[in-house]
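For the record, the sequence lines run as chains A and B.
Take the numbering used here: the last position of the first sequence gets the number 624, and nothing is skipped along the way.
Take the numbering used here: the last position of the second sequence gets the number 1115, and nothing is skipped along the way.
Keep in mind the hints are simulated off the structure, nothing from the lab.
Just so it is clear, the structure is predicted and the values come from calculations on it, not from any experiment.
Cβ coordinates follow ideal geometry from the N, Cα and C atoms, glycine included.
One should not assume that every hint holds.
On the chain B side, residues computed to face chain A include the following (Cβ under 10 Å) [said to hold, decoys possible]: (1) Pro880; (2) Leu919; (3) Leu949; (4) Ile1104.
Under the rule of at most 27 Å between Cα atoms (straight-line distance), these lysine-lysine pairs were calculated in the BS3-like manner [what the hints assert, rightly or not]: (5) B:Lys933 - A:Lys344; (6) B:Lys993 - B:Lys930; (7) B:Lys843 - A:Lys441; (8) B:Lys843 - A:Lys341; (9) B:Lys1113 - B:Lys1008; (10) B:Lys843 - B:Lys993; (11) B:Lys1113 - A:Lys507.
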Amino acid sequence: MQIMEKSFKTLSYIAALFSIAAVFGIILSIFLEGLPLFKVVSIQEFIWGNAWYPTHGEAPQFGIRNLLIGSVYATLGALVIAVPLGLGSAIFISEIATPRLREIAKPAVELLAAIPSVVYGLFGMAILAPFIRELFDLSTGLNLLSTSIILGLMVVPIIASMSEDALSTVPKHMREASLALGATQWETITGVVLPAARSGIVGSVLQGFGRAIGETMVVLMVAGGSAQIPGSIFESLRPLTSTIAAEMGETVMGDLHYRSLFAIAIVLFLITFVTNLVAELVFLKRRLK
Amino acid sequence: MSKRELRNLAGKSLVGILCAITAGMLIVFLYGIFSRGIGVLSWEFISQPPRSGMTEGGIFPAIVGTFWLTLLSIAIALPMGILCAIYLYSYGRPLWFVKLVKLAINTLVGIPSIIYGLFGMAVFVNMLSLDVSLISGALTLAILALPLIINAAEEALQGVPKDFTEASIALGAPISKTILRVVLPTAMPNILTGTIISIGRVAGETAPIMFTAATFYSRRLPSSLSHEVMALPYHIFALMTEGSKGSLQAPIAYGSAVVLLLMVLGVSSIAIIIRYRFRRNKQW
């Protein structure tokens, strides 16, 4: 009996330890493989260099500035589309829709979040990009605009479901008090409900940001891939994630190009880690209580 | 109509319109994929291997590959995830350790999938010399699924009424028995639905298997853990970006996308329906 109790406790303890080990394993592996790059290339050169020619024979260059800015542009573009649509949908589902509609809408949003990103990528590459090209008479539809639309569409369910959670935890009596004072429903939403759910909503936007900046398949298929800073929404770009995915196959294990792609993964990890930490600790405050 | 009433109407209409635009975009998206892919589906398409340099034939090896990758990774992650959730739920001491575990889980959820791919490549493929294989891909996906399963399991355990646990302990049952005989069986339907939803996520991932498991073409089915495999999501990507006959490959990509969507959405809907039924019928 005693042994059973002990071994059961130990097993579950080991499983918990394993989740920590997994995180450390991931961090350790990308740092071990990526950091040796900085013996050859300075950090400043890496982050702020504007030339990405990792396979150039005599003088390869490993500046990721354009890729970093590409990632930021694509992510901000996605949020410009996803925040109004996601938040608007959340407000509609939580505050205005009838209970019956809500019961259908919530699982539908959950289902949409399960659609594989490669399918979004396929749609963007084969359907949206040709459409955008014809519409604006461009040489290619694989550009910032298409990328933002598809990434945005992908992030909408995340922002919608998390914001809806935040809105529905606002106590009912706050709405009733506001309505009883003669405020209209819209005044109640903007003056009472939204401010009360503010931190949850900001948290959902940050999570959407983390998801968009880490997304690989969509940008790999839709962004076009030229390592430049897009001058307009009609130019192509190359974010961090797609650089890793597109080039890893060409590298030889342990060479500088290989190391530089792991170094990009370090940058990507730091961005998403900090974003998530801020979202969880400052805005959502739910897990670490 | 007063100005305030007008603004009330305008505001409510605005969010209604935003919600309609969202729904509209998603319908256009699903229609775009299904309308192009559904005609490709046939018994031959899902039961035959590709032929003529990916321009004809079916996607059977990719379906089998995705099936094995998903099944293996969930089989690895499920016991681990449930045990970890049990630790958080019932022992939960010392507090700093619990906080560390939760921080780890949250970090895992937020790590971009391409980084899982790099990790799998560096550790399973290279360091442990498992090569590009079914097992390397399944292990990588298992770590990706782990935090999703832990979260689902922990939420399910929290939903078990405290009375159940207390009654069991009052009868003299030790903690391990209380968990195994009382808490887990009660929470199991919710744990399973949560797990099924993470199956959808695992089956559709591409970036983690690109460098750890997937190959564009293989005639044979995987018969050992050390074989590389075809997988549906990677197949869609490769059909669109590799090979020379783009116009002949695109229909197969749409067909594969429809199969993948039907699998993922089908499995997730089943989970959502089970959960709905379970919640409605539960007696406590």
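Once the shortest beta carbon distance from B:Leu919 to chain A is found, is it less than 10 Å?
-> holds, 7 Å
Taking the least C-beta to C-beta distance, is B:Pro880 closer than 10 Å to chain A?
-> Interface hint status for B:Pro880: violated (21 Å vs cutoff 10 Å).
Pairwise hint evaluation, A:Lys441 against B:Lys843, where the allowed Cα distance is 27 Å at most = holds, 19 Å
Keeping to a limit of 27 Å between CA atoms, is the pair of B:Lys1113 and A:Lys507 held or broken?
-> Holds: B:Lys1113 and A:Lys507 sit about 26 Å apart, inside 27 Å.
Pairwise hint evaluation, A:Lys341 against B:Lys843, where the allowed Cα distance is 27 Å at most = Violated, because 58 Å separates the two Cα atoms, which is more than 27 Å.
Hint consistency between B:Lys843 and B:Lys993 [alpha-carbon to alpha-carbon, up to 27 Å] | violated, 42 Å
Interface restraint verdict for B:Ile1104 against chain A (beta-carbon cut-off 10 Å) | holds, 9 Å
Below or equal to 27 Å on CA atoms is what counts here, so check B:Lys933 against A:Lys344.
-> Satisfied, since the Cα-Cα distance of roughly 18 Å is no more than 27 Å.
Keeping to a limit of 27 Å between CA atoms, is the pair of B:Lys993 and B:Lys930 held or broken?
-> holds, 22 Å
For the pair we were handed, B:Lys1113 and B:Lys1008, check the Cα-Cα distance against 27 Å.
-> Holds, at roughly 23 Å.
Given B:Leu949 as an interface hint, is the shortest Cβ-Cβ distance to chain A below 10 Å?
-> At 5 Å from the nearest chain A Cβ, B:Leu949 passes the 10 Å test, so the hint holds.
The structure does not agree with the numbered hints 1, 8 and 10 stated previously, though it agrees with the rest.
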